[in-house]
Every structure is written in structure tokens, then in C-alpha cells.
Amino acid sequence: MKELVVISGKGGTGKTSVIASFAALSRQAVLVDCDVDAADLHLVLEPRTVRREDFSAGSQARIKPGHCTACGKCEELCRFDAIYFDGPGNGQVPKTFRVDPIACEGCGVCVDYCAEDAIAFEPVVCGQWFISETRCGPLVHARLGIAAENSGKLVTQLRRTAQQVAVEQRRELILCDGSPGIGCPVIASLTGASLALFIVEPTASGQHDFVRVAELASQLGVPGILAVNKADLNEEVTRSLERLAAQRGMSVVGRIPYDRAVTHAQIARQSVVEASDGPAARAIRNVWSAVVAQLELVPTAAIRPVFVEITPSE
Amino acid sequence: MRVAIASGKGGTGKTTIATSLAYTVAQRGDRVAYLDCDVEEPNGHLFLQPQIVDRRPITRLVPVVDPVRCAHCGACAQVCRYRAIACVGERTLIFTELCHSCGGCLLACPQEAIGEVPVPIGTLRTGRSGGVEFVDGVLNVGEAMSPPAIRAVKQAAPDAPLTILDCPPGTSCPVIESVRGCDLLLLVTEPTPFGLHDLKLAVEMARTLRLEVGVVINRADAGDRAVWDYCQQRRVPILAEIPDDRAVAEAYSRGELAAQAVPHVADRMRALLATIESGVLA
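Respectively, the protein sequence lines represent chains A and B.
For what it's worth, this note's numbering labels the leading residue of the first sequence as 1, then goes sequentially.
For what it's worth, this note's numbering labels the leading residue of the second sequence as 1001, then goes sequentially.
Chain A extracted, bound-state conformation (with noise of 0.2 Å):
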């Protein structure tokens, strides 16, 4: 079995039309969507959602007004500014200590040194994942909780369980569409995956990125390949940005020009394949044969010996 990351650094570089137009293109794969916190890859390939579980990671703490003597201990132990003095009052105080939801990050200090056992800690619902069935094959998605953390866990969960479904199915293949930035989804999503292909769009901030995010799968020991995206709108850049790939060893697996067609598709729910045989058509067609090349290049992915237990929600 073999893991595809797209990945890029910047967001908004095109990562989605690309793996959208690769799960029309292969047909074989089972299809990820690791960018829980803005996820749009349902938004083209309309699920049919088969299983739907809820996410929790972590507890978070909860002070029960009528058990809370005010004593302050709670928000002289907390580290990130949780808890406020602005509770309802009781019998014995006219005001009590709150924790904000959003601001606890669950490490269960404050439930620890409650004198009065005043403080609740129960696990939080922070979203859901879904198996869903899509033209393109399987599709194994998640919905982030408004305001929720522990995106990085729930990237995790997705590739295992994308990992569970490949072995079922028989599927060699897993694409997996990743998130912007260097940080914990990013760092869940590449890590132990088989490949990294780098979509880049010729700008400023693109190359910047790109080269924050080629070393950190460096470091992670992902090999990548990169494809410039709307590579038109800037050649110099687009020509800066094949050395510094060529530099790290990277294949340079195409570029593909600024098309219209590509936002056309979007509007029309299909990937970019499916609905134009345009110039960026043509060339994401191009790209996902060197892909396909450089896939077998590399060495099979570890599956990761812990799964997770998938029954089905009634």
C-alpha cells in the first residue's frame, strides 16, 4: 500500500482541484481529506456517508457553581488563561470561578487541586469522522467542532482508518489531501507517508512556504516531488522554484498554467477532469502520470500496527 500526501505550505494553492481530479483519474484509490479544520474535498466529490462516529480527544474541565467556595486556586494553577471570575454565585458566594471552553486545553490541573472537588472533567466531542462512499471511491473525511482543537489526533484517525479501509477493499493507493501550514495536522499527515507532492503556486509568499514545508519533510524522511500550479503568473519564480526542488532532490513532475476551467469546475461540484479538457486539465493529466512513475519508486508504506476499531454508528 502506498500514501500519497498533497501538501504545499501556503494554503489556497490548489491542493483540492488536484487530488480531486487524481481520485477522478484513478478511480482505485481510497480517498483522505486531512484538512479537518477547513475540509473541501466532499464539497466536489458528493459523499454518501456510510459510517459517522464522533471524535473526542482529551476532557476538558468544568467548575459546578454550586460546589465552588471562590478559593482562587484554580486560576492561580492555570497556564493558559482559562479560568475567569465571573460564575454565577451560591449559598456561600456571591460570585464563582468559570472555565472558558475554549481557552482549556484540558490538562486537568485545576481538577486535581480542587480543595472542594468543585471541578468536572469529562471528555469532549471536538467532531466527527465519516466513511463515505463517493464515483471516485471511498471517501474518509471529518468535520472539526467550531472552535474545537486536536486537529492533529483527528488527522491521525483519518489515515488509520483510511489505512483500515484500503486493506479491506484491497486498494493499493491512498491519497490524502493535506492542510496549509508546518504545524500539527501538517506534521500528522506526512508523517510515515509513502510520498509528498509539493503543489506550489510562483509567488513570494509560495516559495517561502514551500521551502518551510520541504524541510520539514525532510526531517520527517518523506520524499517529495513538486508541481508549480498557475505556473504562468510568474516564470521566474516558477524557474526558482524547480532548482530549489532540484536542489533538495525533488522530481519536477510538471506545471500546470492559471485556467479558469479550474473554478468553473469547482462551481459545477466535478473536479477539474472531469469538467474541461483544458490546458489545466491537460497538464494535472500529465502530472498524475509522473505521479503514477514516481509512486513505484518508492518504498511501500508501513501500515501502522495500532487500528482503530470501526463499528458501524446506529
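Hints in this document: simulated from the structure, not taken from any laboratory.
From the three backbone atoms N, C-alpha and C, an ideal C-beta is built for every residue, glycine too.
Careful: at least some of the hints might be erroneous.
[Stated by the list, open to error] List time: in silico DSS-like cross-link candidates among lysine-lysine, alpha-carbon distance up to 30 Å: (1) A/K95 to A/K64; (2) B/K1154 to B/K1200; (3) A/K153 to A/K2; (4) A/K73 to A/K95; (5) A/K153 to B/K1154; (6) A/K64 to A/K2; (7) A/K73 to B/K1154; (8) A/K73 to B/K1200.
[Said to hold, decoys possible] Chain A side only, calculated, beta carbon under 8 Å to chain B, not exhaustive: (9) G11; (10) G12; (11) R79; (12) I102; (13) L144; (14) I146; (15) A147; (16) E149; (17) S151; (18) G152; (19) P180; (20) D209; (21) Q219; (22) D232; (23) N234; (24) V237.
[Claimed, not checked] Computed footprint of chain B on chain A; a stretch qualifies when at least three of its residues, placed anywhere within it, have a C-beta under 8 Å from a C-beta of chain B: (25) 23–30; (26) 106–113; (27) 259–267.
Got chain A sorted already, so can you dock chain B onto it with the hints?
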């Protein structure tokens, strides 16, 4: 007044708007601070080209165990909700990348064998670009948690009547950390299905955090009208529209400030500024 600029979807033009707004204020002769809170991929410096006058490490605290005092009781590992500590026989292992620096293990250790040391996670840079007071944070590559670096950037904010916070994409912890405490949240979107979907998430986030919100539609003629319909339905004010113009994209590709390079963007930034200052919060 603190104006945060965020988006949900990446690449919609946050940095273009944030740097252009800061530049426009400075051109007028007013003091303005620009904070780049996208510490994973900070780009504001490429456009503002600030003269950096101070660089210092951003650190976070992680526990260290004094092996002489440690009695291998395992209390620290037991109390850590992030599983960042493991006690294996006579050894106490600390996985700093999982640590949230909550200090729980220090409190739990009966031997007082745990101390804390700062570890560098990035660099805080402050400087000036014309009349713009500039601050950004650059997270070290390989560092997973950006919120402590974002906190450092916000704490270093110089005093100015207007502070512009350029936020990372998404809607989870790094964005929440960036927008907390702002007076106005500007959401930059583009009129496409992806842009609209992620705008909805960002508006929901803003409402959960009880933030005043306004929308800027970038590449306004590039897609369909669904973003306008949504904003009207949900009563989210549209504060500016910037047309889809290759000249803007090309200036951006060269690292040029849109408000400096493209006259119609400059006009729109002045108008947006007037709207922010008069209308929304008056």
C-alpha cells in the same frame, strides 16, 4: 483597536489585505502595528520588507527530571493528560513534543524532582517598515504547536491606535489564539464553493467567540454569487470587494504590496479603512 484578518480557507488574500491596510494607515501618517500571527508560514515580511531591529527566541517550558531526586514513583506520568511522560523502570522519559507546559507534573512530584527549562520553538522579530510597527514570529520547522508562538507575537504588540493581526488559515487552535481579544474580525473570502464553505465555518467560529465580524470578498468577479446570498441571509456585512485582476496576482507574486502597486487596491483600502473606523464599531 485590534483588527484580526482571517479566512478559513487558505490563499484567499489575508496577507494582501493585512499588509495593504497597514501600509495605507502608515501612508496617512498614523501609527499602526502589524502582527503576523501565521507563525507556521509568516509572509507579511515579504511584502512590508521591515527593518528588523530585534530578534529573540520564543520559548516554551518543558519539564526536566533530576535523576538524583527522582524516586521513580510514576506520579508525574500518571497525572499527565497528554501522555508526555513515561516511567520505564528506573527511567523517566519526557516527550517534549507532546507536552503542553501545563506544569501538572511539577505539582504532582512528591520528591520535587521536576523542574522546568525553556526550549526554543521559534524566533520573535520586531522592526519597522516605513510607519508600520512590525512584529512576527517564525515557528521552527518540526515544531508542532504554534499557539505559544502566537501568544509571544501578541504579547510583543507595540502600543498603537490600530493593530492589524494577520492570522493563519483554518478555524482551530492557532486561529482561535490569534483572534482572541480582537475588536473586529475581517474574514477574507473568494466567491467559490470552497471559499463559501470555509467562510461559513469562520463565521460560526466568530459567533461562538462573540466577535464582531465583517467580510472582504477578494477576486469578487471570479466565481458565483453564493457568497453574497449567504452574507445577506446571515446578516454579515460585506465591507469591501476587490476585483479579480491579474495585475494584483502578479504584484503579489513578486512580493509587492498590492496597495502600493495597484491604484484601485489603494482606493479600496482607503475606503475599507474609513468603513472600519467610522461604521462598524461606532
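So, against the hints stated earlier in the document, which numbers end up violated here? Checked against the structure, the hints that fail are numbers 6, 8, 22, 25, while the rest are satisfied.
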